[in-house]
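4 protein chains.
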Amino acid sequence: MQPELAITIEVAPAFHDLDPMNIVWHGHYVKYLELARCALLQKYDYDYPAMHASGYFWPIVDLRLKYVRPAAYAQKLRVSARIVEWENRLRIDYEIHDAGSGERLTRAHTIQVAVDAVSREMQYLCPPVLWQRLGVQP
Amino acid sequence: MQPELAITIEVAPAFHDLDPMNIVWHGHYVKYLELARCALLQKYDYDYPAMHASGYFWPIVDLRLKYVRPAAYAQKLRVSARIVEWENRLRIDYEIHDAGSGERLTRAHTIQVAVDAVSREMQYLCPPVLWQRLGVQP
Amino acid sequence: MQPELAITIEVAPAFHDLDPMNIVWHGHYVKYLELARCALLQKYDYDYPAMHASGYFWPIVDLRLKYVRPAAYAQKLRVSARIVEWENRLRIDYEIHDAGSGERLTRAHTIQVAVDAVSREMQYLCPPVLWQRLGVQP
Amino acid sequence: MQPELAITIEVAPAFHDLDPMNIVWHGHYVKYLELARCALLQKYDYDYPAMHASGYFWPIVDLRLKYVRPAAYAQKLRVSARIVEWENRLRIDYEIHDAGSGERLTRAHTIQVAVDAVSREMQYLCPPVLWQRLGVQP
Numbered sequence: 000m001q002p003e004l005a006i007t008i009e010v011a012p013a014f015h016d017l018d019p020m021n022i023v024w025h026g027h028y029v030k031y032l033e034l035a036r037c038a039l040l041q042k043y044d045y046d047y048p049a050m051h052a053s054g055y056f057w058p059i060v061d062l063r064l065k066y067v068r069p070a071a072y073a074q075k076l077r078v079s080a081r082i083v084e085w086e087n088r089l090r091i092d093y094e095i096h097d098a099g100s101g102e103r104l105t106r107a108h109t110i111q112v113a114v115d116a117v118s119r120e121m122q123y124l125c126p127p128v129l130w131q132r133l134g135v136q137p
Numbered sequence: 000m001q002p003e004l005a006i007t008i009e010v011a012p013a014f015h016d017l018d019p020m021n022i023v024w025h026g027h028y029v030k031y032l033e034l035a036r037c038a039l040l041q042k043y044d045y046d047y048p049a050m051h052a053s054g055y056f057w058p059i060v061d062l063r064l065k066y067v068r069p070a071a072y073a074q075k076l077r078v079s080a081r082i083v084e085w086e087n088r089l090r091i092d093y094e095i096h097d098a099g100s101g102e103r104l105t106r107a108h109t110i111q112v113a114v115d116a117v118s119r120e121m122q123y124l125c126p127p128v129l130w131q132r133l134g135v136q137p
Numbered sequence: 000m001q002p003e004l005a006i007t008i009e010v011a012p013a014f015h016d017l018d019p020m021n022i023v024w025h026g027h028y029v030k031y032l033e034l035a036r037c038a039l040l041q042k043y044d045y046d047y048p049a050m051h052a053s054g055y056f057w058p059i060v061d062l063r064l065k066y067v068r069p070a071a072y073a074q075k076l077r078v079s080a081r082i083v084e085w086e087n088r089l090r091i092d093y094e095i096h097d098a099g100s101g102e103r104l105t106r107a108h109t110i111q112v113a114v115d116a117v118s119r120e121m122q123y124l125c126p127p128v129l130w131q132r133l134g135v136q137p
Numbered sequence: 000m001q002p003e004l005a006i007t008i009e010v011a012p013a014f015h016d017l018d019p020m021n022i023v024w025h026g027h028y029v030k031y032l033e034l035a036r037c038a039l040l041q042k043y044d045y046d047y048p049a050m051h052a053s054g055y056f057w058p059i060v061d062l063r064l065k066y067v068r069p070a071a072y073a074q075k076l077r078v079s080a081r082i083v084e085w086e087n088r089l090r091i092d093y094e095i096h097d098a099g100s101g102e103r104l105t106r107a108h109t110i111q112v113a114v115d116a117v118s119r120e121m122q123y124l125c126p127p128v129l130w131q132r133l134g135v136q137p
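Residue numbers (numbering that gives the first Met the number 0), protein chains in the order written: chain L, 0 to 137; chain V, 0 to 137; chain B, 0 to 137; chain U, 0 to 137.
Everything hinted at is true.
Just so you know, same-sequence chains aren't split out, so a pair can sit in one copy or run between any two.
The list that follows gives simulated cross-link-like pairs (lysine-lysine, DSS-like), each with its CA atoms no further than 30 Å apart:
(1) K75 / K30
(2) K30 / K42
(3) K65 / K30
(4) K75 / K42
To be clear, the hints were calculated from the coordinates, so they are not data collected in a lab.
Start from the sequences, fold in the hints, and give me the full structure.
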């Protein structure tokens, strides 16, 4: 059985994330996803510095966000991230919930591919270092 | 025949849009899309201030970005935006191309729905003001 | 004796705060200052929502940042904020230190003035609500 | 006589630069300054890529902004930047004016120092490459 490749972090929107409607501007959610993604990868010792040390960049090639309800200043949010693909590409699914009511506010995913840091060539299979760190089989 | 509901703007990534790989951080593209979307809506006199004056907010409810090639500092980019749905929701499709080579770097779409500014209720049909401004029939 | 009008928060730079030199882009420190300022004002029940409820906006009219050493990805930082003027204007001084070594990385200040939310007139004396919340005499 | 080491660019605040008061959030002005600074340095063929090619980083060590009047969505602004020191450090002074009325909205300065890209040592005298590019004598 595969391990549970997931994490949940808490985030509270800052004043500088608000727009004139007094809600979080839709583009700032990309930062919240990144905070959860980095926390998740850090847990498996494969966050950005470790990625680079392993000889790969992992650019985002696909990003999707579905906004169900807005988020407000200082609202306690739970951002969950879960790795759901790791063979040919790294796909992470996200959900953002209100920490108090549990209501779901946002769903999202990101897809990353490995790029060799020297040749700059995209890898059609994820490099084994990812599987080792995550403790998974491709 | 429907009018051509489209625009193309030029954008050149700023230094503050770059990440440690010396390319534009993926989240900053959301700003480029917004610049094109606002220019397009301005052309039809239905940009943010006009939206609010008409009694509606138009939050983004769906955002998708596909990154084909990275963008660099000061690279001349063309961001095209085209309105492709306006009956129940406002869907805009985007493409970002290198202005020199014409190479496509990014594809994206956003979907917005109208929300009544007073009742805060989501509208399942776009308000007629949108169709009037765009010169379209639902 | 005046109370200690200060707070210290912890911040760790996110990947999206880094620039091509792999350090925090200088403009992002404004966000760290704001996080500390809001936490400090929240402690005295006079954060942004309370400011607006009291009938005043408090725009920043002066901002200064002195950068002594750079900050890196995920580096544990302590951001301290202290209210040092409250009679005619609200001045807050800041220091950012490395949490591990205690080394000072950045010094800063912000100055805010009260603006009446209805008349939009700038107040040359801070409104008494500020003093009451802070528990100070002008 | 020294040449006029100055430039003026036009900027119009984007929707994503606005805060809940419907004005530009104070931290976003740092981006407007950077756009003017980069345009100015580009004029003298010493923008970021050229700085790095010359073997130096030029981090900002001091930033000051004085906000006189707020800026609104799509307001046409003129951002002027002028190099006023280049011997020991690079100091640039900025002014932001409303393009229509000519009213001054913001004053600012930035100070940069040269850091050797290899040794990471701060230079107490600006490297001669700066003077050559600017056509000035120290």
